[in-house]
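Asker: Work out the full structure: start from the sequences and follow the hints.
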Amino acid sequence: MKTYRSDSGNPDRNRLFVGVAEYDVATDGETLIAYGLGACVGVLLYDPARVGGLAHAMLPRQTDDVSTSEAKFVESAVEALLRDVVAAGATIGRLEGYIAGGAEVFDLHELPSDVIERNVAVAREIAVHLFDADADPTVLRHPDGTEGEGR
1 MKTYRSDSGN PDRNRLFVGV AEYDVATDGE TLIAYGLGAC VGVLLYDPAR VGGLAHAMLP
61 RQTDDVSTSE AKFVESAVEA LLRDVVAAGA TIGRLEGYIA GGAEVFDLHE LPSDVIERNV
121 AVAREIAVHL FDADADPTVL RHPDGTEGEG R
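So for the sequence shown, the working numbering puts the first residue at 1; every next one is plus one.
Hints were generated in silico from the structure; no laboratory data involved. The beta-carbon is built from N, C-alpha and C at its ideal position, and this holds for glycine as well. Careful, some of the hints might be misleading.
If you anchor each label on the Cβ, the simulated ranges turn out as follows [as the list claims (entries may be wrong)]:
hint	residue 1	residue 2	range
1	N14	L130	25 to 31 Å
2	V128	N14	30 to 36 Å
3	D64	D114	16 to 22 Å
4	V66	G93	19 to 25 Å
5	G36	D114	19 to 25 Å
6	T27	D64	30 to 36 Å
7	E117	A49	22 to 28 Å
8	G93	D64	32 to 38 Å
Each computed DMTMM-like pair below joins lysine to aspartate or glutamate, with the alpha-carbon atoms no more than 25 Å apart [claimed, not checked]:
hint	residue 1	residue 2
9	K72	D47
10	K72	E117
11	K72	E30
12	K72	E104
13	K72	E125
14	K72	D84
15	K72	D114
16	K72	E96
Answerer: Put into structure tokens, the structure is as follows:
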């Protein structure tokens, strides 16, 4: 995992930059940042006790046996993120989940035509399973699917 940590001049604030096919966990005083999600999906798990994690996943599910970064795929990224967030002190019952990205910002001919929709669908499916069968996870996505949004 190539997560970059930087000090913005404030010793109490550590910025953790999460790249494509990566994830990281932060605790009190640290900020997780993922730039340029685009078609990728950012999944955030957050415990109000100030422990959280962010995954920047590219594809919905692994389809072959080739060993690769577990953060490359939404499904395995969320599993790894959940495991590591709990190991860092989060409590499953307090976790909040957020999904961002899944936007069609470029004409991506090399990607399967439905990969963006599948990324979001898998993230939603996992979030509903983790949190509550009746939950409607927050998906931060522009209604026409051409821009990602965040808050």
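Asker: Against this structure, judge whether each hint is valid.
Answerer: Hints, verified against the model:
no.: 1; hint: N14 x L130: 25 to 31 Å; result: holds (27 Å)
no.: 2; hint: V128 x N14: 30 to 36 Å; result: holds (32 Å)
no.: 3; hint: D64 x D114: 16 to 22 Å; result: holds (18 Å)
no.: 4; hint: V66 x G93: 19 to 25 Å; result: violated (36 Å)
no.: 5; hint: G36 x D114: 19 to 25 Å; result: holds (21 Å)
no.: 6; hint: T27 x D64: 30 to 36 Å; result: holds (35 Å)
no.: 7; hint: E117 x A49: 22 to 28 Å; result: violated (34 Å)
no.: 8; hint: G93 x D64: 32 to 38 Å; result: holds (35 Å)
no.: 9; hint: K72 x D47; result: holds (23 Å)
no.: 10; hint: K72 x E117; result: holds (16 Å)
no.: 11; hint: K72 x E30; result: holds (23 Å)
no.: 12; hint: K72 x E104; result: holds (18 Å)
no.: 13; hint: K72 x E125; result: holds (17 Å)
no.: 14; hint: K72 x D84; result: holds (16 Å)
no.: 15; hint: K72 x D114; result: holds (17 Å)
no.: 16; hint: K72 x E96; result: holds (22 Å)
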